[in-house]
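J.: Read top to bottom, the protein sequences are chains A and B. Those letters in the first sequence? Residues 20 to 179, by the working numbering. Those letters in the second sequence? Residues 20 to 179, by the working numbering.
Worth double-checking, as some hints may not be accurate.
Just so you know, same-sequence chains aren't split out, so a pair can sit in one copy or run between any two.
[To be verified] Derived lysine to any residue pairs resembling SDA-like cross-links, with alpha carbons at most 25 Å apart:
| no. | residue 1 | residue 2 |
| --- | --- | --- |
| 1 | Lys95 | Thr129 |
| 2 | Lys95 | Pro154 |
| 3 | Lys95 | Ala124 |
| 4 | Lys95 | Leu149 |
| 5 | Lys95 | Cys173 |
| 6 | Lys95 | Leu116 |
| 7 | Lys95 | Gly42 |
| 8 | Lys95 | Ala153 |
| 9 | Lys95 | Pro117 |
| 10 | Lys95 | Met128 |
| 11 | Lys156 | His78 |
| 12 | Lys95 | Cys82 |
For the record, the hints were derived by calculation from the structure and aren't laboratory data. Keep in mind it's a predicted model, so treat the numbers as computed, not measured.
Number of protein chains: 2
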Amino acid sequence: MRVLGVDPGFGRVGYGVLDRRGGGLSPVVYGLIQTDQSLTAPERLRQIHESVTRLMKEHSPDCLATERLIFAANRKTAFAVARGLGVVLLAGAEAGLPWTEYTPAEVKMTVTGSGSADKQQVQFMVTRLLGLAAPPKSADASDALAVAICHAHCERVRSL
Amino acid sequence: MRVLGVDPGFGRVGYGVLDRRGGGLSPVVYGLIQTDQSLTAPERLRQIHESVTRLMKEHSPDCLATERLIFAANRKTAFAVARGLGVVLLAGAEAGLPWTEYTPAEVKMTVTGSGSADKQQVQFMVTRLLGLAAPPKSADASDALAVAICHAHCERVRSL
Numbered sequence: 020m021r022v023l024g025v026d027p028g029f030g031r032v033g034y035g036v037l038d039r040r041g042g043g044l045s046p047v048v049y050g051l052i053q054t055d056q057s058l059t060a061p062e063r064l065r066q067i068h069e070s071v072t073r074l075m076k077e078h079s080p081d082c083l084a085t086e087r088l089i090f091a092a093n094r095k096t097a098f099a100v101a102r103g104l105g106v107v108l109l110a111g112a113e114a115g116l117p118w119t120e121y122t123p124a125e126v127k128m129t130v131t132g133s134g135s136a137d138k139q140q141v142q143f144m145v146t147r148l149l150g151l152a153a154p155p156k157s158a159d160a161s162d163a164l165a166v167a168i169c170h171a172h173c174e175r176v177r178s179l
Numbered sequence: 020m021r022v023l024g025v026d027p028g029f030g031r032v033g034y035g036v037l038d039r040r041g042g043g044l045s046p047v048v049y050g051l052i053q054t055d056q057s058l059t060a061p062e063r064l065r066q067i068h069e070s071v072t073r074l075m076k077e078h079s080p081d082c083l084a085t086e087r088l089i090f091a092a093n094r095k096t097a098f099a100v101a102r103g104l105g106v107v108l109l110a111g112a113e114a115g116l117p118w119t120e121y122t123p124a125e126v127k128m129t130v131t132g133s134g135s136a137d138k139q140q141v142q143f144m145v146t147r148l149l150g151l152a153a154p155p156k157s158a159d160a161s162d163a164l165a166v167a168i169c170h171a172h173c174e175r176v177r178s179l
């Protein structure tokens, strides 16, 4: 099973693709989509939609997993992130991918064993679980891999 | 100038297209996009994106205006509506339309003269300003026409 994990955003969208074969996980590709601040909001949403669509075409994931949005302090950012998530989900529907959503606590619990783990612990475990030579440079990419790992584990448990 | 106004939503998205010639406004088309509750969230976003894209192709608006989201009591709904808005803005970018956003108070003020007007007052003034035979059946369509009227007026003032 090939999983695409996405950490939703507007200026920065993290993504991570991994393969699960039995209990083993291996990374395929991961990184960051950054949108151009000089463009209008609709044009930036278009950049996200095009990048995610291209990613799906290039790497043919079987499913899409994202982190559920939690209402944060900054309302303006929360809406922008939700609009960004909208076009990611649209790309998933256009590619025919089933979609699953996990809360941040579920992702942290699955990856680190603690629902209240901090970013560094998540990054450490992602690096370790996927056998990466070095931690992902971007915390958003690391979070995207974390939600992909969470989904891969949960799907495995469901299939047992 | 032909304006497409959209009242963002997830289950129900109101739309209204109108023409402004000088100071005169005339309705072109208005209504409601309803998404299928039995579908997944990504599939429902796809319905919204496809419907709005079709609307733009059929009626060739010059610009897109939407009502700014205000954080409401129900957080879950707010995120769903913001995701819906994301795919509407994407359709606008794909059609090359400039986009303008107005707060609910700006829309009410322009259409009724009062920033705290209620839905019925807005509906009454929309019906009157556009010379409709009867008020739009859907309050969402009425709100979409209201934001289109707001934009048409503001653009006229800007161009004087």
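J.: If a hint holds in the structure, say so; if it does not, say that too.
T.: Verification of the supplied hints:
1. Lys95 <-> Thr129: between (30 Å within a copy, 24 Å between copies)
2. Lys95 <-> Pro154: neither (30 Å within a copy, 33 Å between copies)
3. Lys95 <-> Ala124: Both: 23 Å inside a copy, 17 Å across copies.
4. Lys95 <-> Leu149: Close neither inside one copy (35 Å) nor across copies (33 Å); limit 25 Å.
5. Lys95 <-> Cys173: between (32 Å within a copy, 24 Å between copies)
6. Lys95 <-> Leu116: Between copies only: 23 Å across, 29 Å inside.
7. Lys95 <-> Gly42: neither (40 Å within a copy, 34 Å between copies)
8. Lys95 <-> Ala153: Answer is neither; intra-copy 34 Å and inter-copy 37 Å both fail.
9. Lys95 <-> Pro117: between (29 Å within a copy, 21 Å between copies)
10. Lys95 <-> Met128: between (28 Å within a copy, 23 Å between copies)
11. Lys156 <-> His78: within (21 Å within a copy, 46 Å between copies)
12. Lys95 <-> Cys82: For Lys95 and Cys82, only the inter-copy Cα distance (23 Å) is at most 25 Å; the intra-copy one is 29 Å.
Violated hints, in rising order: 2, 4, 7 and 8; the structure is consistent with all others.
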